[in-house]
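Peer 1: Assemble chains B and C onto chain A, guided by the hints.
Residue numbers (the working numbering), protein chains in the order written: chain A, 26 to 464; chain B, 110 to 427; chain C, -13 to 280.
Derived from the structure by calculation, the hints contain no laboratory data. Errors might be hidden in some of the hints.
Unchecked claim - In silico DSBU-like links for lysine-lysine, alpha-carbon gap of 30 Å or less:
no. : chain 1 : residue 1 : chain 2 : residue 2
1   : A       : 410       : A       : 202
2   : C       : 146       : A       : 349
3   : A       : 276       : C       : 41
4   : A       : 410       : A       : 382
5   : A       : 312       : C       : 152
6   : A       : 276       : A       : 202
7   : A       : 168       : A       : 227
To be verified - Short derived list, chain A residues pointing at chain C, Cβ under 7 Å:
no. : residue
8   : 210
9   : 235
10  : 237
11  : 248
We treat Cβ as the ideally placed atom computed from N, Cα and C, and that holds for glycine.
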Amino acid sequence: MRGFERYKVVSAVGALVLFVACGGGSSSSGSGLGSGALLVGVIAPFTGVDAALGPAYYAACLAAAPSINNNGGVGGRQVSCQQFDTRGEPADAVPAANQMIASNSNLMAVVGCTSDEAATVAPIINRAHIPMFCMTGQTEFNKTTLPYFHRLVPADIFDAYAMVGSALYGPGHAPYKRAALVFGNDIGSQAFVAPATNAFTKLGGTIVINQPITLGAASYRTEVAAMLLTKPDVILTEALGSAGTYLKEVKTQNGGQMIPFIGTSATIDPTWFQQVRDAIGVADLTKYYGGVDLGYSFSGPAYTEFQTNLNAAASTFADAPKYKQRGSTLHLYDGIIMTALAMVATNSADPTVYNPKIKDIANGTSGATVVNTYKDGVAAIKAGKSIRFVGAGGENTFDQYNNSQSGYIWVTYDNQGNEVKVGQMTPQQTQDISAAGGI
Amino acid sequence: MNSYYAINLLIYAGVDIIACLALNLQFGVAGIVNFSFIVFQAVGAYTAAVLSMPPDTAPDYSFQIYVGGLQLPFPIPWIGGAIAGGLLAVPVGFVVLRKLRSDYQAIALLVLSVIANTVITNARPFLNGAAGLALVPAPLADLFDPATYGYFYVGLTAVCTALVALVAFRIVNSPYGRTLRAMREHEVAATAIGKNPVALKMTIFIVGGVIAGLSGGILTGYITFWAPSVWLYPETIILFAAVIVGGRGNNLGAVLGALLVPVGFEEVTRFIPSSIGPPGLIPALQWVAIGLLIIGFLWFRPEGVRPEPRRVFEGAPD
Amino acid sequence: MSLFVAAFGFGLVSMSVIAIAAVGFTMQFGITNMINLAYGEVMISSAYVAYYLNKAGISIWIGMVVGALFGAAFSFLLNRIVYAPFQRKGTSYLGMVIVSLAISLMMANLLLPIVGYYSVSYQEGTGGLIRLGAIILTTNQILIIGIAVVVMLLIHGLLKYTRLGKAMRATSANPTLARNCGIPTQRVVDAVWLITGALCGLAGVVAALNSDSFAIANGAAFLITILAAAVLGGAGQPYGAMIGAVLIGLITELSAAAWSPEYKEVVAFGVLVLVMVLRPQGLLAKRGAMAAAG
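One chain only, chain A, in its complex shape:
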């Protein structure tokens, strides 16, 4: 056969194979990024009791899309965002996930899936071979076997250790000896109690009362009275939605004097700040509150681009700029960009091909070039380099279960609700607490 004719046959056969391989949509390994719009699905509660969660994750997508689209898209394909309401309930979340997958053959990634519904939704998304970035600290996922599951927020037990660290070693006060645990009785909050109790008591403190409260109750007067009788030095708490009610009652019954309180990383949230500020006043909030959070720098090229896009998103979603320091928003932003980079690096729109690459881009292989934006990442890939993406949320290191966590810091709020770092655990302290708490 002449070369030209052989070429024609080969390309015809190749086209036939491609045509037969999958009915439309994805192409096989490395054979291009396809065409048409790409979709990031935000699957989370947007109505119901946890309606505050969905918008925070949607904001992440609204910020990530321009970072990608303004820099050539994914091989020219533009990324858009869509919300899928799970209604805060795991049985309703199942059809939400299935409908999302069935109606959209161009899903590149899924973000959201909170503790309310991750248990039912993660297996569905995994079966559909779509990379997901879930916001659940549940212990169930500490050793997950779902390859498409990625978690960029730490398991709740690490939050608990950081809180204990703040109580014992935090700046500006002598180590607290008597702690009250006030956590809600919902899914997301109860995982803190056991690790916090173990760690705190083994290191010399006393848990004077463990008081699970029913979230959304009309008042907590008797609970607060009972708690005050035990005379704690500090309150460790996460009671999302009811924090304002409880803390205001503490202040009132204690004669206008607030007790120091330490919150989980979920309390670093504009909603929580506003609620508690309205309840006890900004002066007491900034003076008596200690929080824990992952060590975000809130600066650097990645963060700057994130913030610019987040502010620009205010035209569709007025509250978007408020999430500029919300950990989950930062992480999901990074996750979406890493997915896009994985697609470019493998030159494939097939999730079975690009999903494993996400971990490489997050952890970085040896000799990888560090990049902070999508634009830089694409340029490095084009130059043949392997990359490590360090984004708005900082470095990520996925373990074998696709869980990633970076170090914790101690924080508080300033008067405007911005996070302010006040200290950090030393590696020795971290080790002592983890050993005491037991992982």
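Peer 2: This is chains B and C only, laid out in the frame that chain A set:
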């Protein structure tokens, strides 16, 4: 990929049909306004779950604390769930089946369902509290490969639905059913000819409970999960809406209602395009649409899509 | 021991809040036969109306009056536009319950995009702490108790001494007979919705003030407590609702002191179930409570 959504809808339709048939037996036939209905489904689901799960000391399950964990093979967990639903009906029936206005019954039972939900949420070592039971084994999952398992489950649900429909139709058209309808129409007359209303109502109530428990087992086997957030009190009212919209007192009405309200209204509204507007707006409007649909149906068809047929007997004396 | 005394004091506040709401709810039920599941949402809407006024600098006590007016107007319109037409159409009794649930779903979700999912608080100083022995109450809380007492007295006066009140009691006992005796049932019904709507609105603002921090989701939680208090006292009985509120309010706080606070509502509702078993018609029952539902 598309078939998973279809499978999902079919299974949910089956579960809701079974639940509505059970509710129709309790409410439409026996006349008990069981506003705690969802607890019966929950009891069945929890029982089926703890009967089929391995003990909580097993390696993959150690993040949960729960009773049971007997790891029994299918179909025992589902049978257990159905029995549990029936057992629950006994004390609840005793509380309710006194000569009580139906609205008092209704509210008391509603409050009971809130109590049950709160207790399970707070008694953490019992059924793992608010986090619920995860990784519930799917029945006979190892016999099928993942691609075909969904179809098997649809078939299984269909068989159960058919069985339940058979039982429900037999009851309604049996002497039992006629007696109960007579009691509903004119209780004093029925008692006068020697029928024991309380015993009959109790029996139907228990049968309804058994069927409700089965629906719970089927649902939890599919979503492999069960938690208090799945059975809050509005779920009962949605099912009542289904029975009323479909047409109370008759099985076909219950089936239609199940297809319309929990499956139809709740799922169709997902297709309202959600990229418009700020996050949360369209999802909230989806709920508004569901409310409007229910109200619309009740306005245009207050007797239900398929009203109960009035049975007229030939040859009545002039 | 002092915890119990303190809890008793808190119980006084709780019962006051519940009483205002429960009396309104039970009157709606007793006179118009309507289990209005949207009651909680109307309460929350009124609370938000007062919140926006409060943000604009208006005192919360005026906000309460405005909230009551809003509740009255909204409930009146709700009945005229939705409930009454359905009732005239012959919708079954249970169908009306479903309609009210649908309305509550719609209200909660129409409110969500408008007010947002954030919890909010009223900007009102709690006032000084007053200690009477082991009882600790703020001046605001004492004012709330006072408001509840005044409202109860007003309702008592309305029912016992005014013609409207007598007409309401007659309509509640037997609407057909009442109409035949020349009582303008339609006007009575309108008055009921206005008055109970005002109670609902007032209760919403009071409950929100009592909670220190509220969001839309609180509406459904209020509703269950109100239902429990109303049924405990005998559905349709305003004085029963007052007693039910007292019991539920006190038992909730005392059991939070005695046992684990997570179960405080369970205990209160458990008492309700006990009463239903022992005295199915509620504590105070009108004659005819045993009859089949209308």
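Peer 1: Work down the list of hints and note, for each, if the structure agrees.
Peer 2: Tested hints:
The hinted pair formed by residue 410 (chain A) and residue 202 (chain A) fails the criterion: a straight-line CA distance of about 53 Å is larger than 30 Å. At most 30 Å may separate the alpha-carbon atoms for a hinted pair to count; residue 146 (chain C) and residue 349 (chain A) exceed this at roughly 60 Å. For a cut-off of 30 Å, the pair hint linking residue 276 (chain A) to residue 41 (chain C) stands: about 22 Å separates their Cα positions. As the CA atoms of residue 410 (chain A) and residue 382 (chain A) are separated by approximately 14 Å, the hinted pair is consistent with the 30 Å bound.
Restraint check for residue 312 (chain A) and residue 152 (chain C): the C-alpha separation of about 58 Å exceeds 30 Å, so the hint is violated. As the CA atoms of residue 276 (chain A) and residue 202 (chain A) are separated by approximately 21 Å, the hinted pair is consistent with the 30 Å bound. At most 30 Å may separate the alpha-carbon atoms for a hinted pair to count; residue 168 (chain A) and residue 227 (chain A) meet this at roughly 26 Å. Satisfaction of the interface hint for residue 210 (chain A) is found here, the shortest Cβ-Cβ separation to chain C being roughly 6 Å, below the 7 Å cut-off.
About 10 Å separates the beta-carbon of residue 235 (chain A) from the nearest beta-carbon of chain C, more than 7 Å, and the hint is not met. Because the smallest distance between the Cβ of residue 237 (chain A) and any Cβ of chain C comes to about 5 Å, under 7 Å, the interface hint for this residue holds. A distance limit of 7 Å between C-beta atoms decides the matter here; for residue 248 (chain A) the minimum to chain C is near 4 Å, and the interface restraint holds.
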